[in-house]
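**Q** Model the full assembly from the supplied sequences, consistent with the hints where possible.
Below are the chains, spelled out letter by letter.
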Amino acid sequence: MHNEHSDTHFQSRIDNGEHIEPKDYMPEGYRKHLIRQMSQHAHSEVIGMQPEGNWITRAPSLRSKQILLAKIQDEGGHGLYLYSAVETLGVSRAELIEQLQTGKAKYSSIFNYPALNWADIGAIGWLVDGAAIVNQVSLQRTSYGPYSRAMVRICKEESFHQRQGYEIMTTMMRGTKDQQAMAQDAMNRWWWPALMMFGPHDSDSPRSGDAVKWKIKRETNDELRQKFIDKTIPQAELIGLTIPDKNFKLDEKTGHYTLSPINWEEFHRVVAGHGPCNKQRLDHHIKYHQEGAWVREAADAYKIKTAKKELVTA
Amino acid sequence: MATDTQLDLWEVFIQSKSGLPYIHSGSVHASDVKMAMQNARDIYTRRGEGTSIWVVPAKHISASNPDDNDMLFDPSNDKIYRHPTFYVMPEGAKNI
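Residue numbers (the working numbering), protein chains in the order written: chain Y, 79 to 392; chain H, 3 to 98.
If you are wondering where the hints come from, they were derived from the structure by calculation, not from laboratory data. The beta carbon of each residue, even a glycine, is placed where N, CA and C say it ideally should be. There could be a bad hint or two in this list.
As the list claims (entries may be wrong) - What follows is a set of in silico ranges between Cβ atoms, one per label pair, in the way DEER data are often shown:
id, chain 1, residue 1, chain 2, residue 2, range
1, H, R49, Y, T384, 30 to 38 Å
2, Y, E330, H, L22, 49 to 57 Å
3, H, L22, Y, P322, 47 to 55 Å
4, Y, H279, H, A65, 35 to 43 Å
5, H, A60, Y, E388, 15 to 23 Å
6, H, L22, Y, S237, 21 to 29 Å
7, Y, R252, H, T7, 44 to 52 Å
8, Y, P192, H, V58, 40 to 48 Å
9, H, V58, Y, G181, 29 to 37 Å
10, Y, T249, H, D70, 57 to 65 Å
11, H, R49, Y, S90, 32 to 40 Å
12, Y, S84, H, A65, 14 to 22 Å
13, H, A65, Y, D288, 21 to 29 Å
14, Y, Q358, H, R49, 29 to 37 Å
**A** Below, the structure is given as structure tokens:
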């Protein structure tokens, strides 16, 4: 089949709302975009376990510890669903991990900020998972079948994460003056980075065009960010948290909130590797990956040994 | 890094309730069937999604080629006698 013809046929399938499956024809650009976006998504789930893992041993109650453990286990599971889905595009798990560890593949910059105290665990669940859900709900309708199915599964599990975070923030806002100050401080530190999770403005997002045309992304960065802002500000106000932005206001005509400009310099600095925890996150991942190598080797050796045994007894 | 192994790929099918079909849920990496079963349980059934799991080595699954779809899934419109509506029922006869 002539390539140009295949690309036209592919686009007409997309325009008809069909899903693309692993063995279907797809343009090289589509495959590349998916590998980059999905692996970045998978890496984010896995690296995102670190700031929260830091608080398992210091959770303030047995209840909150159990919940945090379950949440982190979910994040690990989400990473695995996504890795499986990327692998259907013909890239191996080992390659994906290498790309992460050498810095060739990125993960969400939000995880390069530290979780300094228990209020941060609330802010992460509420704001970071909240932003992730807005993005993921939209991605349930993405055009690549395995990605879409992974998103449906993840969305089902993720909504408890956002509620868990909001519950922590609510509890602290009902507490002492000090607890309220802690919650507000966490809000102040996480608000802007959470808004940056949606990526650059549409006008500065070079790859957005193709991703929308191919229906990998169903809504643009700015549309998703606005959704998140409009849903989150009323939640903040309800429990007495202040939005760390002097200029934010509700536009009565559109029903949308408007904010001060986002500091993109900070965003680009953190993406480029100069956030507070970039090095720590990668070093940790590499260390535990290497220390776990013997487990994978032993499992492989056991497989070979038992296969030989079966051959002898057969 | 060169010798790093990520183990074998297995496909996971889960039956959500007894009597219902097994549906593909995703995949896991594992070195043997025992590990594949354990990983499938941990990854795909943390919230009571299933009552039974199948794990199958991915290399043993054959898939049809999408390029053959026209030929493979031709509904054979010339064999309309495969549909019940092809048959004429006498006036007044009731369906079973």
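**Q** Does each hint hold? Answer for all of them.
**A** Here's how the hints hold up against the structure:
A C-beta distance of roughly 32 Å is found between H/R49 and Y/T384, which places it inside the suggested range of 30 to 38 Å. In this structure, Y/E330 and H/L22 meet the distance hint of 49 to 57 Å, their C-beta atoms being roughly 51 Å apart. Checked against the hint of 47 to 55 Å, the pair H/L22 and Y/P322 passes, with Cβ atoms roughly 50 Å apart. A hinted range of 35 to 43 Å holds for the C-beta pair Y/H279 and H/A65, which are about 41 Å apart.
Checking the proposed 15 to 23 Å range against H/A60 and Y/E388 shows it holds: the Cβ atoms sit about 20 Å from each other. For the pair H/L22 and Y/S237, the supplied restraint of 21 to 29 Å holds, since their beta-carbon distance comes to about 25 Å. Restraint check, Y/R252 to H/T7: a C-beta distance of roughly 51 Å satisfies the suggested window 44 to 52 Å. As the Cβ distance of Y/P192 to H/V58 is approximately 43 Å, the hint placing it in 40 to 48 Å holds.
For H/V58 paired with Y/G181, a C-beta distance near 36 Å keeps the hint of 29 to 37 Å intact. Separated by about 59 Å at the C-beta atoms, Y/T249 and H/D70 satisfy the suggested range of 57 to 65 Å. The hint said 32 to 40 Å for the Cβ distance between H/R49 and Y/S90, and at roughly 39 Å that hint holds. Checked against the hint of 14 to 22 Å, the C-beta distance between Y/S84 and H/A65 comes to roughly 19 Å, which is consistent with it.
Between H/A65 and Y/D288, the C-beta spacing of about 27 Å keeps the proposed range 21 to 29 Å intact. Checked against the hint of 29 to 37 Å, the pair Y/Q358 and H/R49 passes, with Cβ atoms roughly 32 Å apart.
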